[in-house]
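Trainee: Listed below are the residues making up each chain.
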Amino acid sequence: MTDLFVLGVSEIFQIDILIVILLGVIAGILAGLIPGFTVTMAIVLTLPLTFGMEPIMGVAAMIGVLVGGMSGGLITAALLGIPGTPSAVATTFDAYPMSRKGQPGKALSLGIWASFLSSIVSLVILIAIAPQIANLALEFGPWEMFSLIIAALTIIASVTGESILKGLIAGLFGLLIATVGADPIAGITRFTFDIGVLRAGIPFLVVLIGMFAISRLMNSVERTELNKDVQQKQEDKIKGMQFVLKPKETFLSVIRKPVNLIRSSAIGAIIGAIPGAGGSIANIIAYDQAKKWSKESEKFGKGHDEGVVASEAGNNSTVGGDLIPTIALGIPGSAVTAVLLSALMVHGINPGPLLITNEPNLVGGMFLAFLVASFFMLITQFLGIRLFVRVTEVPTQYLVPLIMVLCVTGTFVLNNRITDIYLLFVIGIVGYLFTKYKFALAPIIIGVILGPIAEVNLRRAYMADPDWTLFLSRPISLVFLILAVLSIGFTIWQSRRMKKREV
Amino acid sequence: MGEIVIGFLLILLSALIYFNSGDFPQLNETHLDPGSYPKLIAALLFLLSLMLIMKQIVTLVKTKEFGFKNGFMNFLQKQWNEYRLVIFMLVVLGLYILSLDILGFIVSTIIFIIAAGILIGPIKKKNVITISIISFIMTFGVYFFFENVLYVRFPNGIFF
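As given, the protein sequences belong to chains A and B, one line each in that order.
Counted from 1, the first sequence has number 432 at position 432 by our numbering; the numbering is strictly sequential.
Positions in the second sequence are counted from 1; adding 1000 to them yields our numbering.
Simulated from the structure, these hints should not be mistaken for laboratory data.
It cannot be assumed that every hint is accurate.
What the hints assert, rightly or not - Some chain B residues near chain A, calculated using beta-carbon distances under 8 angstroms: (1) Glu1003; (2) Met1051; (3) Asn1081; (4) Val1142.
Ideal Cβ positions, reconstructed from N, Cα and C, are used throughout, including at glycine.
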């Protein structure tokens, strides 16, 4: 473990990599800050820029964006009561009342410290757990890998979106998209229907950019969305923003209640490690738990420090948790880490249980990039917060076309193929329709990235031994399958119970 | 309503995949051929989409929201108001993508940013000027960054 760290130090502490991480953090904060522009979008658009870089540099840049983005939502949440990203929803509960009471500086400082310290806690959890899981996963045969992917997909389908049925449909749709093009074992071209555009398959990144960026942009030009946006900006202008940050006092007040911080960070890290669940769920659960356990629970919702700390610690620590399955198993838990993995694959590095053994300097570098990014986040937030606040004033009519151009360019740069852009257009429309009818997009993305791996492992398993019951008789594989069934069963049970309550 | 349409489309898709999976060349690999995994997925997708359609029809029957409350034209009018910009944006984006090969990256990107900006924002002198300036900076910035740093060749089109 220490050798991983030492390797990481030598990889990361180079001036160009440090600069790239800093830029990533700033980009992430901005992305988290602008309502309607998500962290996922930012990280998707960073990817084309990293093609020319070394793998470690590219990954470091993305981790910067991720860490920055998770803390960016804090600013609008505290000052305006509008979460810049879904993962800052619970932050509005206490940070906004606090700044209304005339302490916006305190709310922001508390949030920044909580974000930073919880990142560190989750890093510790990540470093402690990921190598163990990877070691365990080295024992996996194709049966276990296939069952693991089934489990991951069903869990994602059950935690995201409106209903499990829609989640599963989305996941299967993703798996189907991934079968277009050459088949992964024999290289036979499938489902191109003699359309030249499809012959190379549907690249994962095109799906990602189309689903997450184009469809989101379409959503933001709907009439009601635009009206909401105008209103928000007028409100912004009414409030002259004056605040004094108090780094020292707030640091002490966060540190004085370590239980709250550590509990919220642990909740965040665990939720982050579950595929599909991320900051948007973690911040609410962490807030809720903090309220339950606190001695002063009646103060929550009226501008209590513990509430701010819990929510921000909850969402920032998901980053570390999310990286656990990503690094240890090669199974991304969210769209964001899926992009991270694909960045590795673009450079010819195969994610999976062997990643830590084969590329120790890369993994160490990722850990350290995470640490460095957290420090940069702390510093840039404290120094630059006044400038960041201004960014929310950028009008939609400038933002939308610019981001669209970035999407198109990013797609083109990927393979230098114009036809990919045609695919992007179609997938953007499909993604828009899916979001319109409340199908979650995350299962589609994870389906597309895990589809080929699932197929390879299924067919390998069958080649090694054509006995189907091995999926059930091998204990670890069975555990994963049971998990999959349980997650479906639990979600159905839960939604039934909710319905009964409503009636 | 929309869910039912999506469900039907997905059923069509899964049928398409399923019936195109039969005739792949068999290799000496004796067991699963290239078509069997897609067939499995397609069958599952078919089943779930069917379930979704049934569920939606049941809720539709229960809530009895068949007709349009304020008449069909009113409904269309409302939808048009809400989604007009989305459709326009899609058209502009589509034209932009098609023109990339013909007009080249620089010209079509500049036109696209200005057109989209005017479409979304108010048509005022100040707005048009700002968006024009932004579009030039953005286009050339992206172009030179990718050409010089990442050595990407953008389509040049007929003008250059």
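Trainee: So, for every hint listed, does it hold in this structure?
Mentor: Here is how each hint holds up against the structure:
no. : hint    : result
1   : Glu1003 : holds (5 angstroms)
2   : Met1051 : holds (6 angstroms)
3   : Asn1081 : holds (6 angstroms)
4   : Val1142 : holds (6 angstroms)
The structure shown violates none of the earlier numbered hints.
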